[in-house]
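Chains as they are written, first to last, in the numbering used here: chain A, 1 to 69; chain B, 70 to 231.
Keep in mind that the hints are not guaranteed to be accurate.
[Stated by the list, open to error] Listed next, with one range per pair, are the computed distances between beta-carbon atoms:
1. B:184 with A:33: 18 to 28 Å
2. B:231 with A:49: 38 to 48 Å
3. A:26 with B:153: 24 to 34 Å
4. A:8 with B:180: 31 to 41 Å
5. B:123 with A:6: 55 to 65 Å
6. B:137 with A:3: 20 to 30 Å
7. A:6 with B:143: 37 to 47 Å
8. A:50 with B:188: 20 to 30 Å
Quick caveat, the hints were computed from the structure, so don't treat them as lab data. Don't be surprised by glycine CBs; every beta carbon is placed ideally from N, CA and C.
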Amino acid sequence: MSENWKTVKAEAVRPGDAVRTQSGDVVTVSRVEKAFLGLPNMLAFIEDTPDRWFKQPMMADADVEVRSS
Amino acid sequence: MSIYAHPIGSLDGQPFDLDGLAGKAVLVVNVASKCGLTPQYTGLEELQRTYADRGFTVLGVPCNQFGGQEPGTADEIATFCSSTYGVTFPITEKVDVNGQKRHPLYAELTAKPDADGESGDIQWNFEKFLISPAGEVVGRFRPTVAPDSAELVGALESVLPG
Chain A
1 MSENWKTVKA EAVRPGDAVR TQSGDVVTVS RVEKAFLGLP NMLAFIEDTP
51 DRWFKQPMMA DADVEVRSS
Chain B
70 MSIYAHPIGS LDGQPFDLDG LAGKAVLVVN VASKCGLTPQ YTGLEELQRT
120 YADRGFTVLG VPCNQFGGQE PGTADEIATF CSSTYGVTFP ITEKVDVNGQ
170 KRHPLYAELT AKPDADGESG DIQWNFEKFL ISPAGEVVGR FRPTVAPDSA
220 ELVGALESVL PG
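Okay, chain B solo, but in the shape it has when bound:
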């Protein structure tokens, strides 16, 4: 099933146009503003700027389930992302990624095993899923895998459209 079958809102409260991602490679990342890994925004934005013209986008998904490190309102999150890291990639509404209230998008994403063959719950902020242009989940990278790591960049380049 394509991830685009699971509607999600955008950070401004409007429906997010998931269909607009069809045909693109997408890196879905659960983000947080007050985490030790928050500086990964720099690397994520670098990926966005490097590969956007080749049919790629990062999709940030705020989540407050990990240490309460994404406590802000939508406006606060948006301001933080733009003013601190110059984020240009889209950000969705804040959702749950684990537990009984897990967003259906993450119900599908978390079925994907990581490089060690382990699927299931998101471990922490900044876990990353690589989606192919066909909408299939093709890679899972745990929070400590940096956006500019050879592992992640190699996988990303292998699925770029065209």
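Same shape as in the complex, but just chain A:
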């Protein structure tokens, strides 16, 4: 089955999306934290599932690969 990945700005990612990071890891976004560490141009994707809690910061205007739910 093909996977429909597309490139969007990080600030366009929504909960339920899957984001592929530069390392190739896929983060299933449970929520998006604005102003990561108080930096208004940063955000963080948080995966919060029974299997994993993981936080990945990004520049808000960075291009990211996303697969929408």
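Since the structure of chain A is provided, determine the placement of chain B on it from the hints.
Then chain B, alone, in the frame of chain A:
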């Protein structure tokens, strides 16, 4: 409840002697080897060397939940800490500090609010908790608070035993 009620392993896989911290002031820090804040090891080791003789220790807790910035094995973490920063303070096993698999030690630590009154999840690598000699969580300092900041050092000096 004392933090010493929550067993944790040491980096070498043996049980860590938390009871050995009783009576000391302790700064618990979730650490990572590949983070922009990793140079904070320098300041943490300076605190260790300055205050160890006065009943204080840093306790490093490796965690890979933040950007995957602590990916190494126990041996790799130990080698990095000693060879790059000359770390002499104890390091525990790698654990989760947030989420459903959060280590019980961090379940207790994260109930402590920071200076802005905010408790809950660890924000990032190098968040710091100050534990009194009685084993109570008395301070929480977010990742960008430097180990040598007046805020942190003042709090530390106020809880040193004796």
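Is 55 to 65 Å respected by the C-beta to C-beta distance linking residue 123 (chain B) and residue 6 (chain A)?
holds (57 Å)
24 to 34 Å was suggested as the range; check whether the CB atoms of residue 26 (chain A) and residue 153 (chain B) agree with it.
holds (31 Å)
Are residue 137 (chain B) and residue 3 (chain A) spaced within 20 to 30 Å by their CB atoms? holds (21 Å)
Falls inside 31 to 41 Å, the C-beta gap from residue 8 (chain A) to residue 180 (chain B)?
-> For residue 8 (chain A) and residue 180 (chain B) the Cβ distance comes to about 37 Å; the hint holds.
For residue 231 (chain B) and residue 49 (chain A), compare the CB-CB distance with the range 38 to 48 Å and indicate the outcome. holds (47 Å)
(message) Quick check: does the Cβ-Cβ distance between residue 184 (chain B) and residue 33 (chain A) fall within 18 to 28 Å?
(response) holds (19 Å)
Exercise. Is the gap between the beta carbons of residue 50 (chain A) and residue 188 (chain B) within 20 to 30 Å?
Worked result: The hinted range 20 to 30 Å holds for residue 50 (chain A) and residue 188 (chain B), with Cβ atoms some 23 Å apart.
Given a hinted range of 37 to 47 Å, is it respected by the beta-carbon distance of residue 6 (chain A) and residue 143 (chain B)? holds (39 Å)
Checked against the numbered hints above, the structure breaks none of them.
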